[in-house]
Structure formats: C-alpha cells, structure tokens
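Go by the hints and put chain B onto chain A.
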Amino acid sequence: MTTTNPIPMVAATAQHAEQPERKLTIAEALREGIAEEMRRDPNVFLIGEDIGIPGGFGGAFGVYLGLPEEFGRERIIDTPISEKAIAGAAVGAALMGMRPIADMQYADFLFECMDELVNQAAKMRYMSGGKLSVPMVMRAPVGTTNRGAQHGQCPESFFIHVPGIKVVCVSDAYHAKGLIKSAVRDDNPVLVFEHKMLYGSKGRQMAGGLDLTMHVPREEYLFPIGKAVIKRPGTSVTVVSTHLSLYRCLAVADELAAEGIECEVIDPLSLVPLDTETLWASVRKTGRLVIVHEDTLTGGWGAEIAARAADECLFSLEAPIKRVAAFDVPLPVAPIMEQTVVPNVERIKSVIRGVCQ
Amino acid sequence: MTYLNQLGVDKSLDLYRQLLLLRRFEERVYNMFLLGEVVGTVHQYQGQEAVAVGMCDHLSHTDWITSTHRPHGHAMAKGVSPRSAMAELYVKATGCCKGKGGSMHLGDPDVGMLPAIAIVGGGNSVVIGLGLAFKLRKTQQAAVCFFGDGATNEGAFHESLNFAAVKRLPIVFVCENNLYGASTPYHEASLVPDVAERAKAYGVPGHIVDGMDVLAVHEAGGAAIAAARAGKGPILLECKTYRYIGHSRSDARGYRTKDEEADWKAKDPITRLGGQLMAEGVAQSKLDELDTGVEAVLDDAVEFARNSPEATPEMALEDAYA
Chain A
1 MTTTNPIPMV
11 AATAQHAEQP
21 ERKLTIAEAL
31 REGIAEEMRR
41 DPNVFLIGED
51 IGIPGGFGGA
61 FGVYLGLPEE
71 FGRERIIDTP
81 ISEKAIAGAA
91 VGAALMGMRP
101 IADMQYADFL
111 FECMDELVNQ
121 AAKMRYMSGG
131 KLSVPMVMRA
141 PVGTTNRGAQ
151 HGQCPESFFI
161 HVPGIKVVCV
171 SDAYHAKGLI
181 KSAVRDDNPV
191 LVFEHKMLYG
201 SKGRQMAGGL
211 DLTMHVPREE
221 YLFPIGKAVI
231 KRPGTSVTVV
241 STHLSLYRCL
251 AVADELAAEG
261 IECEVIDPLS
271 LVPLDTETLW
281 ASVRKTGRLV
291 IVHEDTLTGG
301 WGAEIAARAA
311 DECLFSLEAP
321 IKRVAAFDVP
331 LPVAPIMEQT
341 VVPNVERIKS
351 VIRGVCQ
Chain B
1 MTYLNQLGVD
11 KSLDLYRQLL
21 LLRRFEERVY
31 NMFLLGEVVG
41 TVHQYQGQEA
51 VAVGMCDHLS
61 HTDWITSTHR
71 PHGHAMAKGV
81 SPRSAMAELY
91 VKATGCCKGK
101 GGSMHLGDPD
111 VGMLPAIAIV
121 GGGNSVVIGL
131 GLAFKLRKTQ
141 QAAVCFFGDG
151 ATNEGAFHES
161 LNFAAVKRLP
171 IVFVCENNLY
181 GASTPYHEAS
191 LVPDVAERAK
201 AYGVPGHIVD
211 GMDVLAVHEA
221 GGAAIAAARA
231 GKGPILLECK
241 TYRYIGHSRS
251 DARGYRTKDE
261 EADWKAKDPI
271 TRLGGQLMAE
281 GVAQSKLDEL
291 DTGVEAVLDD
301 AVEFARNSPE
311 ATPEMALEDA
321 YA
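Chains as they are written, first to last, in the numbering used here: chain A, 1 to 357; chain B, 1 to 322.
To be clear, the hints were calculated from the coordinates, so they are not data collected in a lab. We put the CB at the ideal spot given by N, CA and C, even for glycine. One thing to keep in mind: the hints can contain errors.
Beta-carbon label-pair distances, calculated as ranges [as the list claims (entries may be wrong)]:
{"hint": "1", "chain 1": "A", "residue 1": "Gly72", "chain 2": "B", "residue 2": "Ala322", "range": "50 to 60 Å"}
{"hint": "2", "chain 1": "B", "residue 1": "Ala230", "chain 2": "A", "residue 2": "Val329", "range": "49 to 59 Å"}
{"hint": "3", "chain 1": "A", "residue 1": "Pro335", "chain 2": "B", "residue 2": "Ser190", "range": "42 to 52 Å"}
Here are the computed lysine-lysine pairs in the DSS-like style, where the Cα-Cα straight-line distance is at most 25 Å [said to hold, decoys possible]:
{"hint": "4", "chain 1": "B", "residue 1": "Lys11", "chain 2": "B", "residue 2": "Lys286"}
{"hint": "5", "chain 1": "B", "residue 1": "Lys286", "chain 2": "A", "residue 2": "Lys131"}
{"hint": "6", "chain 1": "B", "residue 1": "Lys232", "chain 2": "B", "residue 2": "Lys265"}
{"hint": "7", "chain 1": "B", "residue 1": "Lys138", "chain 2": "B", "residue 2": "Lys232"}
{"hint": "8", "chain 1": "B", "residue 1": "Lys92", "chain 2": "A", "residue 2": "Lys131"}
{"hint": "9", "chain 1": "B", "residue 1": "Lys232", "chain 2": "B", "residue 2": "Lys135"}
The shape of chain A in the complex, shown without the other chains (with noise of 0.2 Å):
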C-alpha cells in the first residue's frame, strides 16, 4: 500500500491468502500481541486498575480478558485507584530494567500522572547522562462517546511536546498488534492511544457502518514505531488523520471520488517519531494538505504537522493547509453537541472539497 512500509498490509494479506481470514478487533489483536510478548519476556507485565480482578472487566475495555488465568496476578497486576501510583510503578520496574504495560482506563487520566510521565519517565535518561532508560508502554484509551468533558479527551499532543517520550495512535487490528509488541521492546516510554469506538464491534456502528475486524496473521510481526501507512492512494488531496476521525475521512474519501477528487488518506500511526518521508512525498504528490483529528484545534498536533509542511513543502503547495479538529470547547454529553464539536463528516468533506476547488 505505501512504499515505505516495510509490512504492507495488501502484501500481507497475500502471503497468507491460503490460510482461513483470521479477522480480529483492535481488542483482540492488542490482547494476542500483548500476551506473545508476555510469553516471550518474563519482565513484561501488566499494571493498572480494574485488569485482572477475578470476575472483573479485564480492564475498562477487556482488552485483558484471559490473560490473568493464563500468566496468573503476579503478573497482571491490579492497584488501588491511584494513577501515580501506576505511572511511578511504572516508571521505576523501567528503570530497573523490566517492561512495564500501565494501562489509563480513560486517557483523561494521565493528567494525574503527569509528573511521573513528562519529568521522570521522559527525562530520566536524559538527566542520567545515557546511563538509564525507562522502557515501559502506557495505553490510554481516547475518543468521545456521550460521557462528557473528562472521559472522552484525545490528549496526545500533550505528549507530542515532551522530548523522550513515543507517540503511537492505533487504528487498526492489523497495526495495533504489531505496534503494541514494537511498544513492549522499545528501549524509550511508549504512550499508546487508542479509540474507544473501535475496539470491537460496537465501532462498527458508529465509524458509519465499516467492518473494523481485520485479518491478523497468525505468524509473528512486528511493525515499527515510526511508519505511517496509506490506507487509500489517490491524487487530488492528502488527508492525514487517526483514530475514529480516520474511518470518517475514508468514508468521505469514497463519496468525493464520484465528484473527481481523490483523496489520499494517510494514517501517520506514529506522533513522535513521525514518518515525514511519507508524508512529504504524499503532498508534494497532491499539492493539498487536510489535517483531520478528533484533538481540540489549538496545539493539537495536526498545527505541528502543518507548521512542518509549510516548511518542507510550501512550493508543492497549491492550497492553504487545513486542519479539521475539535472546536476549542470541553466537550459536551448531547449527541448533537458532541457530534458538532469534534470533526463529522459533513465538515470533513466541505473542508476537502473547499481545498480542491
């Protein structure tokens, strides 16, 4: 699908095209990634709330479900209710060496721990001279669903600003299973954000009626932090965007090709490091550049992308940037308020068409 990715998923799905479609949700695939990593690596564990109580949830979203009968609560370990706790665990079995995977029931939560993530997970190795590195995953699931202003934020830009820490939004099964075991073995803390709409199949739905299963091979994969991926080429536009957003600028992307324009739907999967390659080659190629996340607009990381393209590819440029984000509110419970604070795709569309004329 995209020359830079070194697992193309078409290519891979070829490669097993004698095998049985093996489709899994984003749950199921981070659950399989994070339970062969566990089986691989005795220090990878599990830390968070709510994730292998006996008769539980297996985490807010069952993305655990299974994995404390099979590695036992030594290692999917369950804490009071106390994100810095989670976080500082989290940090300090890092920095001795272990691999940590805290989990955020909502990402809303990492606010109480960002000490713990900006001044000591990001900078203890820095301050340590090289000497130490804190290789733990945190997974915070992002994204509105009718719970209001602190359990749907989308904070990753937060974190895009803090050298020392990787950004890596998942959208799909395939890329969720393969980032989460690249997350497990990076030597550097690893935020993963998630969608809360696309677990399973409950996103179908709501991502306007697409199948979010995905074949997953049963061989081994990795895919590295750091690669972004083309889930529809075309030559009109260059849509970057993650998440839910993603899956309304593909379903957009299908009603603009019947006008002439085709959009090229690019998911970066990875904040920080961001895979520039891909994405200057993409709007050199189109000349357009639409930026579409379900972030508030001030700060939000599609203003870092644009201020870089602008400085990488003004010349190719023959429209003005755009971003489709959040309106600068907290977000609201109502359906018809949510839905018109962050990106619809109404106005996804009209921002395409209106950079296409």
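Showing chain B alone in chain A's frame:
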C-alpha cells in the same frame, strides 16, 4: 550495652568518617559556589548528615535510593565517587550525569542511586517501581526513598505509601523532617505533629528517629531495611533533623531564629559521635586524622573537576531517546 558498643569502635569510626565526608563536601561546594565555579543553585545538606549515613550504610550498590533537590549528602553516603560528583556540580563531561543533571539531579546508577528527583514527592512514586521490580524478581534488594517533610503533603506521598503497603514492597520511606518546606514551617502545613503517625493510615509501621544521631538512625534503619528485605513490606521512618543553611543559596533564613539554629547545632551529629568515640578512648588525633583524609579526597575531587573537559554543545542533543 550501647549501640556503639554493639557496632564496635572501628565501625563507628567509619560512620564518623562518612559524616565528615558529607559535611566537608558541602563546605567545599559552598565555597566553590561563592567563587562562581559551581553554576545554578545548590540545596545543601549540612546538619542532616546522620540520616543519609545511618541509612545508606546498610545498602550495597545493588540496593537503590531515590533522592531530592538536596541530594549531595545522599550521593556521598551511597558511594558516588567524590570525583564524579564534584565534576557533576562543575557540570563537566566527566560528571556522573555528564553535566546534564547538575546539583539537583545528582546521582549515579552505577552505585544504585537514581538521578535525584527535584520535584517534591517525585521520588515517592518512582521508588515503588523499584520495589516492585525487586519483588517480582524475588531478589533480596531493598530501596530507600529519601524525602522532606514538604513531600508529605503531596499526593504522591499518599498514593505511593498506600501502594507499597498493599503490595508489601521492600521499601523504607525516610522522611527527613527538617521543620521547614523552603520557608514554611511544618506546623503550618499539617495538624499531625509527627509524620510518623501518618503510617497508621496505611497500616504500616512508623517510627520517630533522632535524625541528629547517626547511631540512632543506623539502628532504626538497619531494622527497617532488614524487615523490608524479609518481605514484611514498607516502613515509614521520620528522622527529626535540621538544615543548618538556607533552603537554597538565595535564602537568608529570616523565617527562623538564631536561637533555634543554635539549639539544633548543639545537637550536631559529628560533634556528638566524636564525643562518644572519645569517651570510648579514641584519641582526638585519630579523629583529626580522619578529617585530614577526607580533606585530601576532596582536594583530589575538586582538582579533578576543575581540570576535567567541559561538556560540548553536541552532547546537549544526545541521550533524549535510547
């Protein structure tokens, strides 16, 4: 039988030498700061030496400590080499953190000390991960978390002590209650007179220790660390102590009285142990000899730091990512 007798004179002399090392190190740093050779700011440890020495004497290099914005004493007590520590304060390339940590992040993983964490309470949450790793790996390692009275009103103090308690982690939490969080008196920051009392809230033992008496700290610390290694879970020690100097280099100490300072200096840990040793028949000349030895080590450390190569601009862009 006194605790000094239990330890023996030789061991007690070694503690005396360590106290001197911490005190003389800080005196050097004070002078070098005035000379403009040490940049930034420094938060000094004079007066509190008994706490770091009494605790760290029980730890090997495979045990770990976390420290604070006031870390020089912890570094010396944990065995960071005076050369690499002094070079770090001179922010030279040969410093234990290559000049990237400086005074407030002094530490050396090679001897089991994280770069000091200068966010109040910051070490309290990180240390539980150290303890968790030791427990998961079933080693006999222990971690000691040093923090001030100011940290006890941070959320991290509460979350971490509770977490360490329910997970029975091998950690000793050592509160160095020096009566002031910067300029704010402890009694204005909490209605609980003794920090140690707060241990009850977490179901763990809490003990008040005379932080001006290295033998008292050594005795209480030894028992606490042994219990931690034995899997009995964390203990909170509150060491009542006093910093002789200001919070940082810009502090004129207008918030406390000269009488109060004199009262605490009368309990000086070095004078105290020196007197106890002489009562056991140790000659003043022996104590002086130890002092001379410490001064020689520090002469060498300052010389090393002064003559070390500067950090380079290129180094600034290294080590952010593995």
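Between B:Lys286 and A:Lys131, does the CA-CA distance stay at or below 25 Å? Violated: B:Lys286 and A:Lys131 sit about 39 Å apart, past 25 Å.
Could you see if the CB distance from A:Gly72 to B:Ala322 stays within 50 to 60 Å? Given a distance of about 29 Å, which is not inside 50 to 60 Å, the answer is violated.
A:Pro335 versus B:Ser190 beta-carbon gap, inside 42 to 52 Å or not: Roughly 47 Å apart at Cβ, these two residues keep to the hinted range, so it holds.
Would you mind confirming whether the straight-line C-alpha gap from B:Lys138 to B:Lys232 stays at or under 25 Å? Distance ~13 Å between B:Lys138 and B:Lys232 Cα, so the pair holds.
Does A:Lys131 lie within 25 Å of B:Lys92 when you go C-alpha to C-alpha? 16 Å, holds
Given pair status - B:Lys265, B:Lys232, alpha carbons within 25 Å: Violated, at roughly 36 Å.
For a C-alpha distance cap of 25 Å, please report whether B:Lys232 and B:Lys135 respect it. OK: B:Lys232 and B:Lys135 at ~11 Å, within 25 Å.
So does B:Ala230 sit 49 to 59 Å from A:Val329, Cβ to Cβ? 55 Å, holds
Is the straight-line distance between the alpha-carbon of B:Lys11 and that of B:Lys286 25 Å or less? Judged against 25 Å, a Cα distance of about 14 Å means the pair holds.
The structure is inconsistent with the numbered hints 1, 5 and 6, although it conforms to all the rest.
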